[in-house]
Structure formats: C-alpha cells, structure tokens
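Protein chains in written order, with our numbering: chain A, 1 to 153; chain B, 154 to 288.
Quick caveat, the hints were computed from the structure, so don't treat them as lab data.
As the structure is a prediction and not an experimental result, all values here were calculated from the model.
Any given hint might turn out to be false.
Here are the simulated DSS-like cross-link-like pairs (lysine-lysine), alpha carbons at most 25 Å apart as the crow flies [claimed, not checked]:
#	chain 1	residue 1	chain 2	residue 2
1	B	235	B	197
2	B	230	B	250
3	A	74	B	183
4	A	47	B	164
5	B	250	A	19
6	A	74	A	47
7	B	197	A	47
8	A	67	B	167
9	A	11	B	167
10	B	250	A	11
11	B	210	B	279
12	B	235	B	251
13	B	210	B	230
14	A	47	B	167
15	B	210	B	250
16	B	235	A	74
17	A	67	A	19
18	B	183	A	19
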Amino acid sequence: MRYEYIEPFMKSTIEVISKTIQSEISKGDIVLIEHNEINDDVAIVIKIAGDSEGGIILTMDTVTAIKISNRILKENFEMLTPLCLDSLAEIANTITGNAISLINDMGYDIRTNPPLILVKDNGVKNIFNVEIFCVPIFTRDGDITMNIALRTN
Amino acid sequence: MKQPNSIIFNKSFKCIIADDSQFARMNIGKIVSSIGGQVTGEAKNGIEAIELYFRIKPDILLLDITMPELDGIETLKIIMDKDNTAKIIVISSLGHKKMMLNAISLGAKHFITKPYNSEQVSLVIKSVLENGADQ
Numbered sequence: 001m002r003y004e005y006i007e008p009f010m011k012s013t014i015e016v017i018s019k020t021i022q023s024e025i026s027k028g029d030i031v032l033i034e035h036n037e038i039n040d041d042v043a044i045v046i047k048i049a050g051d052s053e054g055g056i057i058l059t060m061d062t063v064t065a066i067k068i069s070n071r072i073l074k075e076n077f078e079m080l081t082p083l084c085l086d087s088l089a090e091i092a093n094t095i096t097g098n099a100i101s102l103i104n105d106m107g108y109d110i111r112t113n114p115p116l117i118l119v120k121d122n123g124v125k126n127i128f129n130v131e132i133f134c135v136p137i138f139t140r141d142g143d144i145t146m147n148i149a150l151r152t153n
Numbered sequence: 154m155k156q157p158n159s160i161i162f163n164k165s166f167k168c169i170i171a172d173d174s175q176f177a178r179m180n181i182g183k184i185v186s187s188i189g190g191q192v193t194g195e196a197k198n199g200i201e202a203i204e205l206y207f208r209i210k211p212d213i214l215l216l217d218i219t220m221p222e223l224d225g226i227e228t229l230k231i232i233m234d235k236d237n238t239a240k241i242i243v244i245s246s247l248g249h250k251k252m253m254l255n256a257i258s259l260g261a262k263h264f265i266t267k268p269y270n271s272e273q274v275s276l277v278i279k280s281v282l283e284n285g286a287d288q
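Pulled out of the complex, with its shape left as it was, chain B reads as follows:
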C-alpha cells in the first residue's frame, strides 16, 4: 500500500488496533505501516484493548465500536477516565450522529465510518498525532 510522501511520518509511532474482525485489523494495520507506524498490539474486544493500552501506552489507539465482551464506547470511557491524554480514533460501521457525538464528547479525537479509504485514514491519523485534536 503506497501513500503520498506528505502523509508518511519521519518518526515511527506506536499503534494499537482494537477490532473483533481479523480482516479489519489486517487492513488498518497495512495503512498504519504504510505511513511509518508500528502496530504494537491488536485487540479483539474492549477488555483486551484496555489491558494492551495501559501496558503498551501507544501513541494512538484505533478503536472499533461493535465488539464482544466490552464495546468500543465503554472502552473509550474507561481509557479516557484513566488517561485523558489518550489519542483514540474510532473506526466503525456505525456512523449515526448520536453515536459520533457521544464518542467525541467522551474524548475520541476523530470518528471514521466504514467503509473508508486508506488515504482518509492516513490523513486522520497524521492530523491526530500532529495536532492531538479533532480537525
């Protein structure tokens, strides 16, 4: 997966991907790698995501909403309660206004709806890593 040079980071960053779909994790992982990031952890549910987040302390967490055990919204709440500097981007097939506003009000830096294109995801990751806020 080739990205325009303007999106590639000079400095590597650590990323955790939380999604119950192996296919989704693989796809997002390719995007992260293509812009110079390193996938340092993968979670299949919210419980794994929280455990990995506080163990690895990644630069960014890419979080799905519909997951077994603990969904993305609850996961977001728990992580933000303990670390309000967390940089979390929600990537979900659910994109209704109420859900998006809820995620953003809980502290998500951005909300991407599936299906996405890789350039869109790359640009959002870059924006959140550089500016730390929703653009």
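Looking at chain A on its own, in the form it has when it is part of the complex:
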C-alpha cells in the first residue's frame, strides 16, 4: 500500500471525528495486522475501487457507538438504533470521501461506495483479504479504530 494513501485517511479521520463530536481527540501508533478478525462490536465498511482497491473499516465497541451517536444526534438512546448506526455510517462516509478527495487531487482516480454497517452478530471481519493499517483514535466517549485496507492496482 502506498503511504501517500494512508496520510490522507489519518488526516481526514482526525478532522472529521473531532469536528463531528466537537471535542479534541488524539491518535495512537499505527499498527499493521494481517489476520482476518477485527475484535470490535460495530463496524462501518466502505469499499473503494479504482487505482486502489479494498476499503476502510471504522470499528468501535457498542458502548462507544451509543455514546458517540447520542452526542451527534443530541439524543439519549440506551441501545443502538438504526438511526444511531446511520449517524456512524455517515461519519465513516465523510472520512472516506474527504480522504479520497485529497488522494484524487494528487492525480489518482479512486471511487467510493455507500457504507455497509456490520454488528457483531453478523460477524465483524476483514472482508478485504489484505493487510490492515489500524489507526487507534481516542475520544472522550471511547476508542475508535480506523482500519485502512487498501491494495494498489
């Protein structure tokens, strides 16, 4: 994977999440994983095609997902509703769109698809069969991981 693909995703992840939840966030060290399981409860998957293929998987545990979606929606849900999941999908969609825009402005041609929401019962897995760069994001509502799984064509 080209590093120049990673940097826009990291930049976009930090900018979009901090703006959306309106609070400071920080990121941890990037970890490279090769196994197929992602140990989190909720995953938003966005497939990417074009000069690079694969996708991103934004993951978090259920408690974090409820807290963050409540903050965005200004609600007080006690469980994950379809609207909660949709608000998280919109965050992932915005991160991906912004990152792809930065990459495409460098002369590449990458396209994105609508988000797919997975919860643990359905199996949260790395569906891309490519190594993943995991970027941990620490927020006041819990930790989120941005998993970037892209191969260069």
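Take the given structure of chain A and dock chain B to it, following the hints.
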C-alpha cells in the same frame, strides 16, 4: 436550530433532499426548516430523486453524490437534461477538484463539502434561490 434573521426567507420554498443517509437527510432538513423552507420530499437514491423532482418540481434540490442505485452525478445529468432551470446544490463528502468541476459543468449551482456548518448551507441555499447561480 436558530439562524440569523438575515438568512431566513419571508417566502417559503419547496426542497427535496436526496441522500442515502437518514441522518444526513434529517440534519439538512433541520437547516432547510430553520430558514423557512419546506422539505417536500426525501430520496434515498438517484432514481427516487429523479421521480420526486419531476413530480414535486421543488424550488431547490439538495443532492448527495455517493448513493446506491444511481449516484448524484448521473442524477444531476438526467435532471439537467430534462430541466435546465433546475436549482441543484450538491452536498457531498467527495470534494476533489475534478468532481466539483464536473458537477458545476453539468449544471449544479453550488457544491458543498461535508462536514459543513449549518450557516454555510443556509447562505448557499439563500444565494442560489435568490440569484439562481453559483456565487
């Protein structure tokens, strides 16, 4: 959601919001209502957006790009081909130059990238409704 009085319209306007995200439609709908507009239709994809557009003939269409079935760019093309007076604002997380230029050349009046702030969206809607062109 409170807006400065200078942005609120005296005359109500009809608006359709096309976005596959319920959350996004809800957010944009709040902005439209806050400036005196009426959301007369919501579409989850481009096909629904085209059907609603020609049935309702709104004053303005707020259109996402990444949608299932038919994306925003194809939707924009089809609507503008049939009605070149359509007032369409693209609101998308995709904001690279080529995409923006493509949308504007196809007839979009403005291009807003997500994440946006509500005042920015209000001002653009007002500008497009009043002037009918990209400002």
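* Asked: Are the Cα atoms of residue 47(A) and residue 164(B) separated by 25 Å or less?
  -> violated, 43 Å
* Asked: Keeping to a limit of 25 Å between CA atoms, is the pair of residue 11(A) and residue 167(B) held or broken?
  -> Status violated; Cα separation ~37 Å.
* Proposed proximity, residue 250(B) with residue 210(B) (alpha carbon, max 25 Å) -> Distance of about 30 Å is beyond 25 Å: violated.
* Hinted pair residue 183(B) and residue 19(A), Cα distance within 25 Å -> holds, 19 Å
* Quickly compare the C-alpha distance for residue 197(B) and residue 47(A) to 25 Å and report which way the hint goes. => Holds - the C-alpha atoms of residue 47(A) and residue 197(B) are around 19 Å apart, at most 25 Å.
* Asked: Does the structure keep residue 235(B) and residue 197(B) at a Cα separation of 25 Å or less?
  -> The given pair, whose Cα atoms are some 21 Å apart, holds under the 25 Å limit.
* If you draw a straight line from the CA of residue 250(B) to the CA of residue 11(A), is it 25 Å or shorter? -> With Cα atoms ~18 Å apart, residue 250(B) and residue 11(A) stay inside 25 Å; holds.
* To do: Given the hint that residue 74(A) pairs with residue 183(B), test it: the Cα-Cα distance must not exceed 25 Å.
  => Holds: residue 74(A) and residue 183(B) sit about 13 Å apart, inside 25 Å.
* Asked: When you check the alpha-carbon spacing of residue 210(B) and residue 230(B), does it fall within 25 Å?
  -> Holds. Residue 210(B) to residue 230(B) sits at ~16 Å (cutoff 25 Å).
* To do: Would you mind confirming whether the straight-line C-alpha gap from residue 47(A) to residue 167(B) stays at or under 25 Å?
  => It is violated: about 34 Å lies between the C-alpha atoms, which goes past 25 Å.
* Asked: Does residue 235(B) pair with residue 251(B) here, judged by a C-alpha cut-off of 25 Å?
  -> holds, 24 Å
* Quick one, are residue 67(A) and residue 167(B) close enough, alpha carbons at most 25 Å? -> violated, 35 Å
Figure legend: structure checked against the earlier numbered hints; hints not met, in rising order: 4, 6, 8, 9, 14, 15 and 16.
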